[in-house]
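Numbering of the sequence shown is given in the UniProt record's numbering, commencing with residue 1 and proceeding in unit increments.
Some clues are possibly wrong.
Pairs of lysine-lysine residues, derived as BS3-like cross-links and limited to a Cα-Cα distance of at most 27 Å, are as follows [as the list claims (entries may be wrong)]:
#: 1; residue 1: 35; residue 2: 18
#: 2; residue 1: 93; residue 2: 34
#: 3; residue 1: 123; residue 2: 67
#: 4; residue 1: 93; residue 2: 123
#: 5; residue 1: 35; residue 2: 67
#: 6; residue 1: 67; residue 2: 18
#: 7; residue 1: 32; residue 2: 67
#: 8; residue 1: 37; residue 2: 18
#: 9; residue 1: 67; residue 2: 34
Here are the simulated distance ranges between beta carbons [claimed, not checked]:
#: 10; residue 1: 140; residue 2: 89; range: 17 to 25 Å
#: 11; residue 1: 22; residue 2: 122; range: 23 to 31 Å
#: 12; residue 1: 143; residue 2: 114; range: 34 to 42 Å
#: 13; residue 1: 56; residue 2: 119; range: 43 to 51 Å
#: 14; residue 1: 81; residue 2: 140; range: 18 to 26 Å
The set of hints was computed from the structure by calculation and includes no laboratory data.
Here the structure is a predicted model, which is why all the values come from computation and not from measurement.
We treat Cβ as the ideally placed atom computed from N, Cα and C, and that holds for glycine.
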Amino acid sequence: MTAARQIKSSNVLTGKRKSHQQRRAVPLQWPKEKKEKLALFDAWHDVAMQIVHLENDDFRLLAAVRKVLMFSSGEIIASNREIAWRAGHCSDKTITRCIKRYADLGILIVASGWRRDGDNLFKTRTIRLALPETLDDRVEVVDLRPFGLDTRGPGLKDTRGPDPYGHPWSRPASELKDTRGPGLKDTRGPISRDTRKEEGRREIGANGTVELFSETEEG
Numbered sequence: 001m002t003a004a005r006q007i008k009s010s011n012v013l014t015g016k017r018k019s020h021q022q023r024r025a026v027p028l029q030w031p032k033e034k035k036e037k038l039a040l041f042d043a044w045h046d047v048a049m050q051i052v053h054l055e056n057d058d059f060r061l062l063a064a065v066r067k068v069l070m071f072s073s074g075e076i077i078a079s080n081r082e083i084a085w086r087a088g089h090c091s092d093k094t095i096t097r098c099i100k101r102y103a104d105l106g107i108l109i110v111a112s113g114w115r116r117d118g119d120n121l122f123k124t125r126t127i128r129l130a131l132p133e134t135l136d137d138r139v140e141v142v143d144l145r146p147f148g149l150d151t152r153g154p155g156l157k158d159t160r161g162p163d164p165y166g167h168p169w170s171r172p173a174s175e176l177k178d179t180r181g182p183g184l185k186d187t188r189g190p191i192s193r194d195t196r197k198e199e200g201r202r203e204i205g206a207n208g209t210v211e212l213f214s215e216t217e218e219g
C-alpha cells in the first residue's frame, strides 16, 4: 500500500475520530511497598506503551500519567484540565477523548462516585491502572514479577498460595464499586470539579466484570 493510500485509509482525512473496540480490563493489584509500587508502574507503563503504539494512538496521556498518579493508592483523581496542563497544555477535550480510548484499550479503568463539600455534592472520577485481560501476542512483557506472576518454572516451590482474585494482576471487583450514592460522606481525597456531562455509566456486574462509562464532549 502506498503512503497516499495509507493516509486516505487512516482517520487523518476522513474526519472521523479514532476509536477502539472495547476490551475487558483487569485492574492492577496495587502493592504496599514503595519499591514494588515503582516496579509495578514501570512494568505497566512498558506494556501500555506497546499497546498504544500497536494501535497507533496518542502517547501524550501516557507521558503525563506518572505526574498525576497518586502512588499511595495507584489512582488518578486529577481533573481533565489538570491532566491536560501536565500533558503539554493540550485541550481538556483532547484528554477526555484520550482517556476514553485508553479505557477501551484496557489500560485504564474509569469509575465515578460522589463527594460532599459542605451542603454540595460533586461527582467524582477515579482512574485506575489496568491491563487487558488478553494481551496481543505482539506485546512483550520483559519481567512478569511486578504483576505477581510465577516465572520460576517446574520443580521450584511456590509459597505464595492461590491467586486471591482470579487473575494474576487483579484487585477484587468489590474495591471498584461505589455503593454510597448521593448524601453519603466521602473522605477519600480532593474533589474532581470536571463539569463535562457523563453518560452510559455501567457498574460492576453480578459476575464481577468491570464495565466502563464514557464521557461526552460539549461543543
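Evaluated hints:
For a cut-off of 27 Å, the pair hint linking residue 35 to residue 18 is broken: about 36 Å separates their Cα positions. At most 27 Å may separate the alpha-carbon atoms for a hinted pair to count; residue 93 and residue 34 exceed this at roughly 33 Å. For the hint pairing residue 123 with residue 67, the CA-to-CA distance comes to about 23 Å; that is within 27 Å, so the pair holds. Between the alpha carbons of residue 93 and residue 123 the distance comes to roughly 18 Å, so the proposed pair stays at or under 27 Å and holds.
Straight-line distance between C-alpha atoms of residue 35 and residue 67 comes to about 17 Å, which keeps the hinted pair within the 27 Å bound. At roughly 25 Å between alpha-carbon atoms, residue 67 and residue 18 fall within 27 Å of each other, so this suggested pair holds. Proximity of residue 32 to residue 67 is assessed by CA-CA distance (about 19 Å); at most 27 Å being required, the pair is judged to hold. For the suggested pair residue 37 and residue 18, the alpha carbons sit about 32 Å apart, so the restraint of at most 27 Å is broken.
With a C-alpha separation of about 16 Å, the suggested pairing of residue 67 with residue 34 holds against the 27 Å cut-off. Residue 140 and residue 89 have their C-beta atoms about 33 Å apart, which leaves the hinted 17 to 25 Å range violated. With their beta carbons about 27 Å apart, residue 22 and residue 122 fall inside the hinted range of 23 to 31 Å. The hint said 34 to 42 Å for the Cβ distance between residue 143 and residue 114, and at roughly 39 Å that hint holds.
Here the CB-CB span from residue 56 to residue 119 is close to 47 Å, well matched to the stated 43 to 51 Å. Taken as a hint, the range 18 to 26 Å is violated for the pair residue 81 and residue 140, whose Cβ atoms sit roughly 35 Å apart.
In summary, the structure is inconsistent with hints 1, 2, 8, 10, 14 from the numbered list given earlier, while agreeing with the others.
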